Amino acid sequence: EAQVTQNPRYLITVTGKKLTVTCSQNMNHEYMSWYRQDPGLGLRQIYYSMNVEVTDKGDVPEGYKVSRKEKRNFPLILESPSPNQTSLYFCASWTSYEQYFGPGTRLTVT
Amino acid sequence: SQKIEQNSEALNIQEGKTATLTCNYTNYSPAYLQWYRQDPGRGPVFLLLIRENEKEKRKERLKVTFDTTLKQSLFHITASQPADSATYLCALDRTNTGNQFYFGTGTSLTVIP
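Chains A and B, in that order, are what the protein sequence lines are. Quick note, the first sequence lines up with residues 1 to 110 if you use our numbering. Quick note, the second sequence lines up with residues 111 to 223 if you use our numbering.
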C-alpha cells in the first residue's frame, strides 16, 4: 500500500529539548516536504526536498532542520523547540503534482 | 506575494444539493491548482488538479473550474452526501516549479441529512 508514515503521532516536550520527527514514504517519490498546520493559518511549507541531499526552505523554516540522506526518509529536526512550534505537522511526498500526506504529528512544546 | 483565499465561513448545505466552494488567488496565475479533502485530525487527500489551460475538470460528482481572468477556482460537489462533510483545501504551486506550495486555509463543509 502506497503510504507516508510519520512518527511519533503525538509528542509533548519541553522547551529546548531536541527532537526529531521521522517521515518515510514507500512510493519512490523524488519530492518530499514538511508542513505545519495552525488554526486560521492553514498549511504552511517548512522545508522541501527535490531529491537525496537536495533541500530548500519553504515559507516558515526558522527553528527547523531537515536532512535527506535516503530517498525514502525525510526527518524534521527541532534543535531547540519553543512553544510557538506547537502545531500539527504533516509530511508529504510526490512525484508529479499529487501530494501524498502522512497522518500528522501533533506536537506540544511546554 | 501570492495569497490564496477560500470561503472564510463554514458552508452548510442540505443533502442532495450542490456545494460550491471558492478559491481566489491574488497575483500571477499558477500553472495549475489542486484541491484536497481533509478530515479532522488526518492528512489532506488529493482530489483534483486543474491546469491553467483547462476551463473545467470533472471526477465523478466533483467538478472544478479555473478562471484566470477572475483569478478564481470553483469546486463543486453535486448530489452532496453527509460523507462529503470535511474541510476542502485549494493549493497552488507558487513558483510553477512543482515543489513549493501555498495552501488556502480551507472551507469546512457540512452536509445535513
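In case anyone wonders, no lab produced these hints; they're calculated from the structure. Given the structure is predicted, the values throughout are model-derived calculations rather than measurements. Where hints are given, some of them may not hold.
Here are the simulated distance ranges between beta carbons [stated by the list, open to error]:
(1) B:Q191 / A:S67: 41 to 47 Å
(2) B:E166 / A:D38: 31 to 37 Å
(3) B:K165 / A:T13: 46 to 52 Å
(4) A:D38 / B:N137: 37 to 43 Å
(5) A:T20 / B:I222: 42 to 48 Å
Beta carbons: idealized from backbone N, C-alpha and C, even for Gly.
Consistency of the hints with the structure:
no.	hint	verdict
1	B:Q191 / A:S67: 41 to 47 Å	holds (43 Å)
2	B:E166 / A:D38: 31 to 37 Å	holds (33 Å)
3	B:K165 / A:T13: 46 to 52 Å	holds (49 Å)
4	A:D38 / B:N137: 37 to 43 Å	violated (23 Å)
5	A:T20 / B:I222: 42 to 48 Å	holds (43 Å)
Of the hints listed earlier, the one the structure fails to meet is number 4.
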